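Starting from the given sequences, assemble the full structure and let the hints guide the process.
Protein chains: 4
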Amino acid sequence: MKYAVSEKYRDIRLFTERLVEPLSAEDCMVQSMADVSPTRWHLAHTTWFFETFLLAEEPSYQRFDDEFHFLFNSYYNTLGEQFPREHRGLISRPGLQRIMSYRKHVDDHMLERLQQHDFAQRHAQLIEVGMQHEQQHQELILTDIKHVLSCNPTWPNYQFLPLDRAAQPRKESSPADWIAIDEGVYEVGFQGAGFAFDNESPRHRVFVEQCSIDRQLVTCGEYLEFINDRGYQRPEHWLSLGWSTLNREQWHAPLHWHNLDGQWMQFTLAGLIPLELEAPVAHVSFFEADAYARWRGKRLPTEFEWELAATRLELAGDEPFADYLLDHRLAIHPMRAPKSLCGSVWQWTASSYVGYPGYQPPAGAVGEYNGKFMCDQHVLRGGSVATHSSHIRTSYRNFFPAAARWQFSGIRLAQW
Amino acid sequence: MKYAVSEKYRDIRLFTERLVEPLSAEDCMVQSMADVSPTRWHLAHTTWFFETFLLAEEPSYQRFDDEFHFLFNSYYNTLGEQFPREHRGLISRPGLQRIMSYRKHVDDHMLERLQQHDFAQRHAQLIEVGMQHEQQHQELILTDIKHVLSCNPTWPNYQFLPLDRAAQPRKESSPADWIAIDEGVYEVGFQGAGFAFDNESPRHRVFVEQCSIDRQLVTCGEYLEFINDRGYQRPEHWLSLGWSTLNREQWHAPLHWHNLDGQWMQFTLAGLIPLELEAPVAHVSFFEADAYARWRGKRLPTEFEWELAATRLELAGDEPFADYLLDHRLAIHPMRAPKSLCGSVWQWTASSYVGYPGYQPPAGAVGEYNGKFMCDQHVLRGGSVATHSSHIRTSYRNFFPAAARWQFSGIRLAQW
Amino acid sequence: MKYAVSEKYRDIRLFTERLVEPLSAEDCMVQSMADVSPTRWHLAHTTWFFETFLLAEEPSYQRFDDEFHFLFNSYYNTLGEQFPREHRGLISRPGLQRIMSYRKHVDDHMLERLQQHDFAQRHAQLIEVGMQHEQQHQELILTDIKHVLSCNPTWPNYQFLPLDRAAQPRKESSPADWIAIDEGVYEVGFQGAGFAFDNESPRHRVFVEQCSIDRQLVTCGEYLEFINDRGYQRPEHWLSLGWSTLNREQWHAPLHWHNLDGQWMQFTLAGLIPLELEAPVAHVSFFEADAYARWRGKRLPTEFEWELAATRLELAGDEPFADYLLDHRLAIHPMRAPKSLCGSVWQWTASSYVGYPGYQPPAGAVGEYNGKFMCDQHVLRGGSVATHSSHIRTSYRNFFPAAARWQFSGIRLAQW
Amino acid sequence: MKYAVSEKYRDIRLFTERLVEPLSAEDCMVQSMADVSPTRWHLAHTTWFFETFLLAEEPSYQRFDDEFHFLFNSYYNTLGEQFPREHRGLISRPGLQRIMSYRKHVDDHMLERLQQHDFAQRHAQLIEVGMQHEQQHQELILTDIKHVLSCNPTWPNYQFLPLDRAAQPRKESSPADWIAIDEGVYEVGFQGAGFAFDNESPRHRVFVEQCSIDRQLVTCGEYLEFINDRGYQRPEHWLSLGWSTLNREQWHAPLHWHNLDGQWMQFTLAGLIPLELEAPVAHVSFFEADAYARWRGKRLPTEFEWELAATRLELAGDEPFADYLLDHRLAIHPMRAPKSLCGSVWQWTASSYVGYPGYQPPAGAVGEYNGKFMCDQHVLRGGSVATHSSHIRTSYRNFFPAAARWQFSGIRLAQW
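First to last, the sequence lines map onto chains A, B, C and D. Sequential numbering of the first sequence, starting at 1, is according to our numbering. Sequential numbering of the second sequence, starting at 1, is according to our numbering. Sequential numbering of the third sequence, starting at 1, is according to our numbering. Sequential numbering of the fourth sequence, starting at 1, is according to our numbering.
Be a bit skeptical, because a hint or two may be false.
For chains that are exact copies, the list does not tell them apart, and a pair is met inside one copy or across any two.
[Unchecked claim] For lysine to aspartate or glutamate, the following DMTMM-like pairs were computed, each having C-alpha atoms within a straight-line distance of at most 20 Å:
id, residue 1, residue 2
1, Lys298, Asp198
2, Lys298, Asp108
3, Lys339, Asp323
4, Lys298, Glu368
5, Lys339, Asp107
6, Lys298, Glu86
7, Lys298, Glu225
Just so you know, the hints here were simulated from the structure itself, not pulled from any lab data. The structure presented is a predicted model; accordingly, all values stated were derived computationally and were not measured.
What follows is the structure, given as C-alpha cells:
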C-alpha cells in the first residue's frame, strides 16, 4: 500500500504539471470570467489542499508561506476568510516559479510522509480525496485555459499540435442502437472497495420506469440540424429560464462555434478548425441539451437511468481520455465517441443535483466539499476528453448550473 | 353540470373582486419588484385568459379591446409578443374602472355561454383551468399587495382590520408528534375525478425510505432560536448559494421581520404588529428553510414524503384559508396552524421541480402553463392563508426559486 | 405687495392643478425611470416646500401629517433622511385625494399668512423661491408625464386635444440670419430688482471672442439630414462619452422619434403624430446637440454668448409657453419657433454648469438648492413649451447631465 | 536637429523600459479595473503609435505583426475596430518577450529613419506627439501598476527599495504664503517654440478676478483633520454627485489609505508604510478635493488662476519628478513638496475640461487625441512624482473624471 499510494501521488502531481507545460507564465495568469480560475491558482490550490488537510496537521511541518493559506483557499468557510474568487486573476505575486517551488516543497514533504505506513494508513481517505481533488482540477485546467485562449482574437493553439493530430470520430453505423431498461426497483450509487465521493452514497433503491438510452452521443451534425431548423429562434423548444438566458446572452450556437462568412468553425485547444459533423457536440448548456432533446421528440435520461445503462458496459481501455490523448500526442478535443457511456463529453442528465436518501456530509472542513452545492445544479455523468481515465466511475456525479457551457458537456438522449 | 359550473365561475370571479375591495386605484398600480404584478394586471390578465382561450374561439365574439391581447398576455410565447413583465407598473391606462368593465364584459359573455350545455361540455377542461388559474392569481394578489404595502414606510393596513382580528395560533401540546412512513414503493401524483394540473400527473411509483414528518409547522419562536444562535452568521448551516444570497441581500431574518429598538416586529396585511412566537414562521426562502432544518439536526421532507403523510389526514373544514378568514372578518395572516398538513403556510420541500415520469405538457398555448418552468425551482406543498380552500389538493405542486420570500412560505421538518 | 404676492401664489398653485386635470389617479402614480417623479409626488413635494420652509417656522402651525416630512423631502440632507428617490413610484398611500387635501391645507394657511404684511415681508425671498420652485416642478410634471405616457404602447393623449390643436411652426424665411457679437469684456449674470436664483449671481465680467449666434432653432427636418447622413453611425462626429452612450442605449434618433415602416413618427403629449419637419427638434441630449453642430461645421454657443445675444431681444408676448398654450387650448408641443431666443425648446450650451466667480450658496437648507449640483452637468438656456412665461429670464440657467433627453431640449448653433 | 530627435527618442523609449525593469511578466499582465491597462499593453501600444502613424506611412516598411494593429489600437475609431478596452487583461499572447521584440523592431526602424533629415523634418510634429504620448503612458505605467499591486493582499513593493529611500518632505515654514493675482484680462494657453498639445491652444484672453493661490500643497496631516472632523460623514461639504459616489463606493479616506487597528497606513510603490503627515495628500478624487476645500472655507483654483500663478515661478531643477527619483534611487512616492507649483502631485482645478475659444482638433486620426474627451472631465495642472520632468509645462492640461483616484492627484487651495 505504502508504495502504491506514493507512486499514485507522484503520477497525479506530475500529470498536472504535464498539462501546464505548453503554457507561459502569462497564460497561467488569466481569469477570463468568474467561473474560470487562473492556471497558476489551480497549481497552488491543489497543493494548498495537501498542505492544509494533511501536512499542517503534523506538528513538525513548517508552512511554505503563511500568506498562501489565505490566497489559495477556495471556499472552505470553516477555514477562515478566502481571497475573493472573482479577483484571482489580479494577483501576480507569488509568481509561477514560486508556485512551482511551493509544489515541490509540499511534494517532498508528502512523499516523505507517504513512506510512513502509519501516516498513509491514518489519512488514507484524505490522501485519496486530495488526489481525486487534484484530478478534478486537472480537468478544470484544460477547460479553463480553453476559455482563456478563446478570448484571444488570434485563436492560440494550446498544445501546438497540427490540426490532424486528433483522435478520429467513430459514429457507429447503426444509429437506432438503444439500450433498454426494464421497469423496477434498482440499487444505485457507489458500491465496492475503491474511492468514491460522499455524494455518490448511500447506495439506495430507486424505482425506474421502462425506458431506453441512446448508445450514441449526439453529434455536431445532428445538432446543426436543430440550429438550421431555427431551434434558437423558437421558444416552444426551450425551458422558460433557458429562453431568457439565450436571449440575454445572445446564444446562437454552442460555445466556441463561430459562423465565419457562412462556414461553421470551432475553437479548440488546437486553435480554430472547421466544424466536424461526426464528432460529439460539446460546450452546450443544460438548456441547450434539454431543448435539443425536446425538438428531437426525446428527452434527457435521469442520472439513475444513465447509471443503470452504464454499469452494463465495460470501458474499452483506449477511450479518448486526457491521459490517452497526451500519451499519443493527440489534441485534447472530443472527436471520437467512446465505446462505453463514459468519456468524450460529459452528458447532461434530467436530474437536479440533490443528496441521496440519508446523505450526510463528513464532519469538519472536508464536509464542505460537495453537500453545500446541492442547489440549482444539474447532474452530468460520464467523463470527457479532459478527464483522466483513472478518474472515471459509473457512479461519479459531476454537476454544473444549467447555463454553464465552458465544460466539455454534451448530449445523450433517452426515451420511454 | 351546466348550473354548477356557471355558479362556480361566478363565485370565483366575485372572490377576486372581494379581495380587491380594500384597495385604491393607486394601490392597484404598484409593481414593487419584477416578481410582483400590479393588482390591476392580475384583474385584467385572469380575464384575458378566459377571453383568449374560450371566448375568442367563438366566431360571434367581439374582443373588448384589441390592445388588451398584447398588454395582458403573461408569458405565452406561442400567442405572440408580450408586454415586458418588469414594466407592468408603468402602464396607467387602461385605468382600473375600464379593467373592471373588461371583467364585466367577459363575465357576461362567459356566463351566457356557460348556460349552453354544448359549450360547457366541449371546453370543460379549459374552463376549469381558467378558474384554477384565477385562484392562483387570487393568492398572488394577496402576496403581491403585501409586498407592495411593505415598501411604504407608513406600514399601511390592507384590510383595515384591528390587530386582534386574526385567527388565534394553536401550537399543539405534544411537540414530538411525528407522522411515520414505512419504506416501500408508493404511488404518488394525482388520481380521481376532479381537476388537477398537468404537472400532478402521471400518477407513478416511487421508492420511499422509512422516515417521519413533523405534524407541526415550525413557529416564529422556534425560528427565533435559530436567529439568536447566530444562524444568519454561520456559513456551516447554509447551502453555498444560500450563503452568498444572504450576504448579497443582507438577510438577517425572514422577510417582513423588523427589529425595532430590540423588539421584533412583523409587517402583516394588518400593518406592523409584534412578532407572535407561537404562529408558524412565514416568508422564508428555501435557503432559510433548509438552513434551519440543518441547524435543528433535521431535514426538509421530499415532496413525496409530504404527499404520503398528507393523504392520510383529512381537512378539518375550518382551516384558516383565505375564504374562511374573509368570511369571518379575520386578518389574512398565518396565526393559526392547521389541523391537516395543508394550510397556514406553504411548506418548502427538498424536491426540485421536475416532470413526473412520462410527463407531457398539453399541445398548444396551454402547454406553456407548467412544464417550461421545470428548472431551478423548488416544490412547495400545502397551501396558505392566502389560498382559497377549494384550491387545496394533496397532490398540488406549488413552485418557486430558492430565494423567493414574498409568498407565505414556511417550514415543516422531516427526519429519517 | 401683500395683495400681489398672495395673488401670485394662488395663480401659481392653481396652474399646477390645471396641468394635472387631464390625469387619472393612476397616471399620477407612475415613475417610469429614476429621473422621473410621479405627478403626485410633484404635487406633494411643492407643497412640502412651503410647509417646511415657511409654515413650520410659525409656532402656531400644525403639520398636516408628520410622515409627509420624510415622504416628500427631495434631497435636502440637512433636513434629515429622505425616502429613496428611485422608489417614489412604489408609494400608493397617501392617495391623490389626500395629497390634494394637503395642498388645500397648506394653501389655506399660506394665503392667510400672506395677508400679514409682516410675514410676507420677513419671508419675501423664501416665498419667491417657493413659487419659482413650484414653476420648475410644473415643467417637470409635463416632461415627466410625457415620459410616463411614452412607455404605454397605446400612445395615450395627455390633453385629449386633436392633433391639429397645436401652434403652427414658423421657420423664418432667411435662414442665414445670425446675431453678431463683438469681442470684448462683458458683464453677465442677473441684475435688476426681480427674483433670480443664487446660481445666476454674482454678476461678473467675462471676455468673449467675436462670434455669431443663429436666430433660428435647428428644425426636425435639418436634424433628419444628420440622421440620413448616417450621423448616428459615424464616431467622428461624437464626443467619446457620447459615442459610448449612443451604443449602450441604442440611440438612432431623438427620444420619442419612431420609424414605423419607414415613416418617421413622433410621440407627443397629443399622442403619436407624423414628424413635423419645420418644427424645432426636441428631446436631444447634449451629446446629440454637440454632434449635430460638429457635423454641420458649427458649434454650440457658450452660455455667455447666448445670454449676450438674448439680452438684445425682447419677448414677443405671444410666445408658445405653457400658459399661452393652455389658454388657447393648444397642445403642449414645440411646433412654433419663438421670435426671441427664449422658448419652444431649451437650448444646450457648450458651458459646463459651475458657479460664477465669488458664488456662495445661501446658508441653511435652501443652500442645497443649486450649488451642490455643479458637477458634470451642462447649462441650457431659453425655456420651452413646458415652461410658464413668467418663469423666463435671460439669465436663467437650467442644467442637466449630457445624456438627458426627456426634457424639451433642442439646438441653437453658433460660429466664430 | 537630426541628432537631437533620435537621441530624445532613444532616451524616452529607454526610460519606459527602465520603469518596467522591476516587474515580472505576470505583473505586466494584470488589468485591475477598466481604467487600468496592463503594463504590457502600454509597452505595445506606445510602439503601435510610432508604427501606425509614422512607419506604416513608409512604403518600404513591413509591419511586425498584422494582428497587433487590432490588438494595440486604443481608441482611434477612424483606424478601425479596437480590442475592447476592459478585456485587455485577458490576452496572454503575444507574451512580454515578443512585445519587447516588437519594441526593438520599431525602434530600429525609427532610429534609422530619424537619421534621414527629410523624414524627421516632414514628421516633426507627429514624432514629437509620439514621444509625448509615450511619456504620458510612462506615468500611466506607474499609476496603473500601483493600483494592480494594491489589489494584492501581500502589499508588494514595486521597486524593492527600503522605506527610507524616499525624498524627504519639506512643508515650508510659513503656511500663510499665498500668491496674489490681480483682476484683469490675461492671456492664457501655450505660447513659444516647443511642443504643446492641441488642447493647450489657441492662446486666448480670459478675465480673471482678484484672488490668491496657496504656495503649498495640502498635506496628509491637514487632510486627516478633515477626516477626523467627520468630513466623510457630513453631506454639507460635498457635491451631490460626490456624496452619492462616496456612499456607493464606501469611501472613508483617500485611495490607498488603510486604517489598521487605529493606525493610518498608506500603500505606496514601496509597499505599506505609515502615513506621513507632512507629505502632500495624493489619490483623492475631484469630489474629495472640492469637499476638503469647502470644509476649509477655501476653494479650488480655476485652471487659469493656476496657470497665472505658475508662470511666475521657475522650476527648481531638482524637483521630485520620476526621472530624478529613479536617478537617485528614491521611491516614486510624493513625500516632498516641490518649490514650484508643478510636481509632487497633480492638482485638481475648479475647471471643467473644454476646448479653448477657436479650438479645432487636427485632421485625421491624431485629431482623436484630445478633443473628443472634452465632456465631464476636470482639469488637473502641475505634474507628479510619476511624471518625467521633461514632460512638464505650465500650460499642460491633464484631465480625469471627478471620481478618479488612482492617479497621484492632490489639492492646492485658492481664495478670493
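Of all the hints given earlier, name the ones this structure violates by number, lowest first. When the structure is compared with the hints, numbers 2, 5, 6 turn out to be violated.
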